[in-house]
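Visitor: Take the two lone chains, each set in its own frame, and fit them into one complex as the hints suggest.
Protein chains in written order, with the numbering used here: chain A, 1 to 252; chain B, 1 to 172.
Simulated from the structure, these hints should not be mistaken for laboratory data. Bear in mind the structure is a predicted one, so any value in this text is a computation, not a measurement. Check each hint, because a few of them may be wrong.
Some chain B residues judged to face chain A by a derived CB distance under 10 Å, without partners named [claimed, not checked]: (1) Gly81; (2) Leu107; (3) Ile127; (4) Leu160.
Example chain A residues on the side facing chain B (calculated, C-beta under 7 Å, incomplete) [to be verified]: (5) Thr4; (6) Ser9; (7) Val12; (8) Ala16; (9) Tyr34; (10) Leu190; (11) Phe202.
Built from N, CA and C at the ideal position, the CB exists for glycine as well.
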Amino acid sequence: MPFTSGSVSCVVYRVAESLPEDFKEKAQKGLKRYAFQPINPARNEDRAAGWVNPLDLLSTDLRLDRQLLGDYLYLGVRIDKKSPNRAVLAARVQTAVAERLKDGQRKRLGADERRAIQAEARNKLLAETSASTAVYEALWNVEAGWLFFSSHGPTANNEFLDLFASTFELEITPMLPYTYAEQWAESNGLSGALESLEEGVFCRRKRLAAAPELVGPVSAAASGVAVSTARTAHVDRTASAARTARGGREGR
Amino acid sequence: MGLLESIEQTAFLGQEFLTWLWFRSETAPKVDLGEPRGEIKIEMGDPLVLRGSDDQDATQVTVRGERAAASAEARAALREGKKLWKCKVLFKQGELTWPCSLNSDSLGIGTLGLPVPKGVPMPDGLILRAEKLEEFTQIYFAVFEQFLDLRLREKNWRKLEAAMRDWVMGSQ
Numbered sequence: 001m002p003f004t005s006g007s008v009s010c011v012v013y014r015v016a017e018s019l020p021e022d023f024k025e026k027a028q029k030g031l032k033r034y035a036f037q038p039i040n041p042a043r044n045e046d047r048a049a050g051w052v053n054p055l056d057l058l059s060t061d062l063r064l065d066r067q068l069l070g071d072y073l074y075l076g077v078r079i080d081k082k083s084p085n086r087a088v089l090a091a092r093v094q095t096a097v098a099e100r101l102k103d104g105q106r107k108r109l110g111a112d113e114r115r116a117i118q119a120e121a122r123n124k125l126l127a128e129t130s131a132s133t134a135v136y137e138a139l140w141n142v143e144a145g146w147l148f149f150s151s152h153g154p155t156a157n158n159e160f161l162d163l164f165a166s167t168f169e170l171e172i173t174p175m176l177p178y179t180y181a182e183q184w185a186e187s188n189g190l191s192g193a194l195e196s197l198e199e200g201v202f203c204r205r206k207r208l209a210a211a212p213e214l215v216g217p218v219s220a221a222a223s224g225v226a227v228s229t230a231r232t233a234h235v236d237r238t239a240s241a242a243r244t245a246r247g248g249r250e251g252r
Numbered sequence: 001m002g003l004l005e006s007i008e009q010t011a012f013l014g015q016e017f018l019t020w021l022w023f024r025s026e027t028a029p030k031v032d033l034g035e036p037r038g039e040i041k042i043e044m045g046d047p048l049v050l051r052g053s054d055d056q057d058a059t060q061v062t063v064r065g066e067r068a069a070a071s072a073e074a075r076a077a078l079r080e081g082k083k084l085w086k087c088k089v090l091f092k093q094g095e096l097t098w099p100c101s102l103n104s105d106s107l108g109i110g111t112l113g114l115p116v117p118k119g120v121p122m123p124d125g126l127i128l129r130a131e132k133l134e135e136f137t138q139i140y141f142a143v144f145e146q147f148l149d150l151r152l153r154e155k156n157w158r159k160l161e162a163a164m165r166d167w168v169m170g171s172q
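Bound conformation, chain B alone (with noise of 0.2 Å):
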């Protein structure tokens, strides 16, 4: 299988890795990295985007409000398929707080809030900002991989994918 089609037959893997930040943001929200990174606290913050396949009336849902996530709308969304596709999303480390938006297509960051103080000059400003946000992308990485580790393990794949049905359907 050539690089391209496994990218586009994988696609799904995005929108279950952002389903399962919020799946865990609900139901275990401290994620262990280990050392030097320690513990990280997921919070889902909002607009929340979601899509499902294309024989679906609407294919695509977005929910704001303060309480987009544990919204009935949101929770509607997910029991009829759609998978979560664009969120915003809050990692807090200790006393830090990385302020995100994830795009489950190319794992790509944006709006990131780094936590560096403002006006110091260049170029020590910019080599701060870089490690901090190289320090953010290990952490999100660190993050993905721990995913990785149950989504491709297909016992626990299983245990994981029946307790997010049971999240999705409201018995959690």
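Pulled out of the complex, with its shape left as it was, chain A reads as follows (with noise of 0.2 Å):
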């Protein structure tokens, strides 16, 4: 588990309300709500998230007092998902309009008879669908304020965004370049210069034209190192983040 053992990678936030005069309580009741239920085949559900105790995947009773140790209150999020395969989806839905086509002796479906064969095939498929699990932890100095998250995905960190801010409810901030940098501005009288930042220029365009050697292949053969490039796709690089930070302030 990344909190108790090996190397860490998480994300960090900052829970910057001061907690309320009855938060034990509220926390309790809050964990207890909104503890970990496996997805319910008969609503016809595809994930379900909730609270568990880290140390004990299969343990959903959670109760503060185990789960505060010192100022630190370790959670564990469990997140289950149901993706039906498509193609056997696909190829059910085809079988049962044929067969429809068959007893009716028609030729042609009507839009609403389509989409109820789709949805009881695929409702179908997802009750015989094993469900895949992931689990993440939090680790929440509850006095000092900082929060880990032990994942960096989007989808896990919206998750638990969604899950803390129902069951503390309180304001809690992902502490990416732009967060971080506006609040320390804030502190600093620097909001303005934040607000109009330009990105900084560190090569001279022009004098490499007139010095291609500068530009020139890279060699190989140089020292051991191994270099690899890529075209990617650098609109999305901060698209994750940003998704983080939406739920963390703005999905409210």
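Guide: As structure tokens, this is what we get:
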């Protein structure tokens, strides 16, 4: 488990709000209410998320006094997901449509009828599909406000943010470059400078054009250094971070 | 401007921070954080992943090797206008070493080695590790604050940007 052994990978959050006087009672109720409940096939659910004890994943009977270790609240977030196979689903829908046409001696089905067949086939397949399970950890210093979450993935972070907001009803901020800079700039009277910030330039393109040897092909044999290059859609580079922040601050 | 827009428009801030760490590791590796944290020495590890703009022929370059940060390949990527996107770094604090991977998008921490004895039973072991993780986080953000102090003050930034440009071009 990331926080109990080995190296640690995490996203850092801050809970800046002071805790209410009845924090312990509220937190206990919230943990009980949002404890993990398995996917309910009767409701045709395809995902479920909730708190678990990170030291005993099957235990959802969470007691605050057991999860609070010194100043640290140590919690697990379990996310179960069912993903029906699309090819199988399409084949079943095709078969069901063919049967319906044959039974009714028709050439075509109405849109509503087709949708109903698709929904029925999906729910049936969902019930047959096993759920995949992922468990993440959250470690929160309730006195100092630092909170660490053991996944960098946007989906897990958004799920965690929803769960945290519902359970504790406190504002939580991901420590992204901008959000941290925003807080720091505000306390140092530099908010204006942050808002009008322009990207720095560390190369001299004009000079490079005049000195082609500086941008010539890189020697592959140089000092045992391996280089790989790739075209990447870097428009997406902040997408996950932005989604995380939106979940934390705008998704309320 | 909305939060999301601000984050997207300042996406370069994290990359400039990591690139500054690299610059500091080669030009003035000791960062004084004051009491109680003291001096931190920055050393770059490998791999380094650099990213540039979409109009470049190659928008991402990964450099691996024992001396990746000092390599001609890494410097060539900087000269092409790329900045550091992900990297491994060592923060050395006296006898303590904090090795970790950093990501400029989220300031997320990866594969952080915590300087704690092994085999301490629960819950003391977890509390000890949590305290060390928090200690590192405060060091990390204190270093980021030093960067912000230079970055957000126009006069400081013009000087630093020129110095980093000289470093990239190899005159330092």
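Visitor: Run every hint past the structure and note whether it holds.
Guide: Structure-based check of each hint:
1. Gly81: holds, 5 Å
2. Leu107: holds, 6 Å
3. Ile127: The hint holds - B/Ile127 has a Cβ within 10 Å of chain A, the shortest such distance being about 5 Å.
4. Leu160: holds, 8 Å
5. Thr4: holds, 5 Å
6. Ser9: Check passed: Cβ of A/Ser9 comes within 4 Å of chain B, closer than 7 Å.
7. Val12: Check passed: Cβ of A/Val12 comes within 6 Å of chain B, closer than 7 Å.
8. Ala16: Violated - the Cβ of A/Ala16 stays beyond 7 Å from chain B, reaching only about 14 Å at its closest.
9. Tyr34: violated, 22 Å
10. Leu190: holds, 4 Å
11. Phe202: Holds, because the Cβ-Cβ distance from A/Phe202 to chain B comes to roughly 5 Å (cut-off 7 Å).
Consistency with the previously given hints fails for numbers 8 and 9, ordered from lowest to highest.
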